[in-house]
Amino acid sequence: MVNSKEESTTKKDLLIVGFLCNWCSYGGADTAGVCRFHQPTDLRIIRIPCTGRMDPLFVIKALIYGADGVLVSGCHPKDCHYNEGNFYARRRLEVLKQFLPFMGIHADRFRYTWVSSSEGQLWQQVVTEFSETIHGLGSNPGVQGESDAKAMISFF
Amino acid sequence: MMEDKVKTLQKEFLNVFEKLEVVLGWEPGYDSLHATPSFIREAEDLNKLVWNPLCSQNLCTYLVKTLNVRVRENDKKIGICVKGCDSRSLVALIQEKFVPREALYIVGIPCEGTVDWRRLMRFEPSLKDVQKLHIQGPELAVETAQKTYRFPLQHVLEQRCLHCRYPNPIIYDGLAGEPVTPRVGDDQVYGDVEKIEQYSLPDRLKFWEKELDRCIRCYACRNACPLCICRDSCIAETRTPKWLAQRCDLKEKFFYHMIHAMHLAGRCTECGECERVCPVEIPVTLIKKKLNQIVKELLDYEAGIDPQKQPPLLTFDPSEKGI
Numbered sequence: 009m010v011n012s013k014e015e016s017t018t019k020k021d022l023l024i025v026g027f028l029c030n031w032c033s034y035g036g037a038d039t040a041g042v043c044r045f046h047q048p049t050d051l052r053i054i055r056i057p058c059t060g061r062m063d064p065l066f067v068i069k070a071l072i073y074g075a076d077g078v079l080v081s082g083c084h085p086k087d088c089h090y091n092e093g094n095f096y097a098r099r100r101l102e103v104l105k106q107f108l109p110f111m112g113i114h115a116d117r118f119r120y121t122w123v124s125s126s127e128g129q130l131w132q133q134v135v136t137e138f139s140e141t142i143h144g145l146g147s148n149p150g151v152q153g154e155s156d157a158k159a160m161i162s163f164f
Numbered sequence: 357m358m359e360d361k362v363k364t365l366q367k368e369f370l371n372v373f374e375k376l377e378v379v380l381g382w383e384p385g386y387d388s389l390h391a392t393p394s395f396i397r398e399a400e401d402l403n404k405l406v407w408n409p410l411c412s413q414n415l416c417t418y419l420v421k422t423l424n425v426r427v428r429e430n431d432k433k434i435g436i437c438v439k440g441c442d443s444r445s446l447v448a449l450i451q452e453k454f455v456p457r458e459a460l461y462i463v464g465i466p467c468e469g470t471v472d473w474r475r476l477m478r479f480e481p482s483l484k485d486v487q488k489l490h491i492q493g494p495e496l497a498v499e500t501a502q503k504t505y506r507f508p509l510q511h512v513l514e515q516r517c518l519h520c521r522y523p524n525p526i527i528y529d530g531l532a533g534e535p536v537t538p539r540v541g542d543d544q545v546y547g548d549v550e551k552i553e554q555y556s557l558p559d560r561l562k563f564w565e566k567e568l569d570r571c572i573r574c575y576a577c578r579n580a581c582p583l584c585i586c587r588d589s590c591i592a593e594t595r596t597p598k599w600l601a602q603r604c605d606l607k608e609k610f611f612y613h614m615i616h617a618m619h620l621a622g623r624c625t626e627c628g629e630c631e632r633v634c635p636v637e638i639p640v641t642l643i644k645k646k647l648n649q650i651v652k653e654l655l656d657y658e659a660g661i662d663p664q665k666q667p668p669l670l671t672f673d674p675s676e677k678g679i
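In order, the protein sequences belong to chains V and L. Residue numbering for the first sequence follows this note's numbering, starting at 9 and increasing by one per position. Residue numbering for the second sequence follows this note's numbering, starting at 357 and increasing by one per position.
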């Protein structure tokens, strides 16, 4: 406990948004909590019904508006509660992951992974790794280059 | 040569005109550097149809946004002229069941490229009284009242045409003119995408911030896109859920273009309409091209080629490895 307090005072908290599927990863995170595994505190969890609900635009919006990282996690492929949700998801998310660097957003700021509800240990590992990567990249300014149009408006 | 093509084009439609509800083609526009879409309902109006390097509009857009295309009881069809790129959009629309193939009479036109009048005027600002223009080998010949100009094609053609791999229509009922050979090989197609990728990550962001900052969110790119078919339900305009604010901010502009791109991932046929209609000349097609490149490498799919296939992001494959 003492350790974690020291850590949180020396290391600035970053904002990581986690989209977790209701049936597997959300349970996995719960398992990790129940088992009292030590976890970094940067993650804010949003529960979604299935990774098939995961619109790639959720990720893009978060990153444009300044979230430091986005983590998506769901059931392992072939284990989806709705049979096929994560089959759709993995195609979309992989395309998105390869697309982000083209627009100038670091691909490591986004990660998708599969964690089932019994894998509390794996969840702890995933979150810790991802949080470390994001801390390595530093905070994300989002999209905010000098806008000429905005300068015009403030001028009037 | 050009006149022959127009004649065959008109004849193709004339032969079956009693079976057609309306014919979509191009007619001369409001000045000598524009052609404009034309909806022909009477047989005698068919001689208004033209074909020249100014016929750049993708008419497939009208099939989903203006006309109600369906199989009719009287068996009347809708006639449409398509270039190579347009025919890919048409294939995509048929794939996704927005228009039934049986309700269309398609006349394909092998195309050597269309002219971007903005680039043309920039290249030769003094150009006026244009009477005729046609493509001759690697040059565009422009005849004015005074003299004949010759311009190298890479300075006056639209960006999409410089990287065009499908100048010949993919599907058609009748063909006007002889098939032409593509201008570029398969290896040169993504040249412009690779140019951006040579920049470092922060520079790419800066590049896009600079380009997209010009956006005035007129949504012309969305409206001209033959595959952007949400109409009034477009999430760029809905308030519930509220994806975009009306705020004039770079974040909003950036995100709008991401919406447009992601909704076309694996569907975009690179017809280049978004870029052509952009009043502030943002290279919007480039974003979609990158997504197409990813989809091609990852899922081995090219949009608008095979009417039997399904766009890969609208389906799945459980046996897939590596993702």
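I should point out that these hints are in silico values taken from the structure, not numbers from a laboratory. Remember, it's a predicted structure, so these values are computed and weren't measured experimentally. There may be inaccurate statements among the hints.
Some, not all, of what chain L presents toward chain V, calculated at C-beta under 10 Å [unchecked claim]:
| id | residue |
| --- | --- |
| 1 | Leu-557 |
| 2 | Pro-558 |
| 3 | Gln-602 |
| 4 | Ile-661 |
List of simulated lysine-lysine pairs, DSSO-like, C-alpha gap at most 27 Å [stated by the list, open to error]:
| id | chain 1 | residue 1 | chain 2 | residue 2 |
| --- | --- | --- | --- | --- |
| 5 | L | Lys-598 | V | Lys-20 |
| 6 | V | Lys-105 | L | Lys-566 |
| 7 | V | Lys-20 | L | Lys-607 |
| 8 | V | Lys-105 | L | Lys-367 |
| 9 | L | Lys-361 | V | Lys-105 |
| 10 | L | Lys-562 | V | Lys-105 |
| 11 | V | Lys-69 | L | Lys-607 |
| 12 | L | Lys-363 | V | Lys-105 |
| 13 | L | Lys-665 | V | Lys-69 |
| 14 | V | Lys-69 | L | Lys-503 |
Ideal Cβ placement from N, Cα and C applies to all residues, glycine included.
Results for each hint:
no., hint, in the structure
1, Leu-557, "holds, 6 Å"
2, Pro-558, "holds, 7 Å"
3, Gln-602, "violated, 13 Å"
4, Ile-661, "violated, 19 Å"
5, L/Lys-598 - V/Lys-20, "violated, 31 Å"
6, V/Lys-105 - L/Lys-566, "holds, 23 Å"
7, V/Lys-20 - L/Lys-607, "holds, 25 Å"
8, V/Lys-105 - L/Lys-367, "violated, 50 Å"
9, L/Lys-361 - V/Lys-105, "violated, 46 Å"
10, L/Lys-562 - V/Lys-105, "holds, 19 Å"
11, V/Lys-69 - L/Lys-607, "holds, 9 Å"
12, L/Lys-363 - V/Lys-105, "violated, 50 Å"
13, L/Lys-665 - V/Lys-69, "violated, 31 Å"
14, V/Lys-69 - L/Lys-503, "violated, 54 Å"
Hint check: violations occur at hints 3, 4, 5, 8, 9, 12, 13 and 14; the rest are consistent with the structure.
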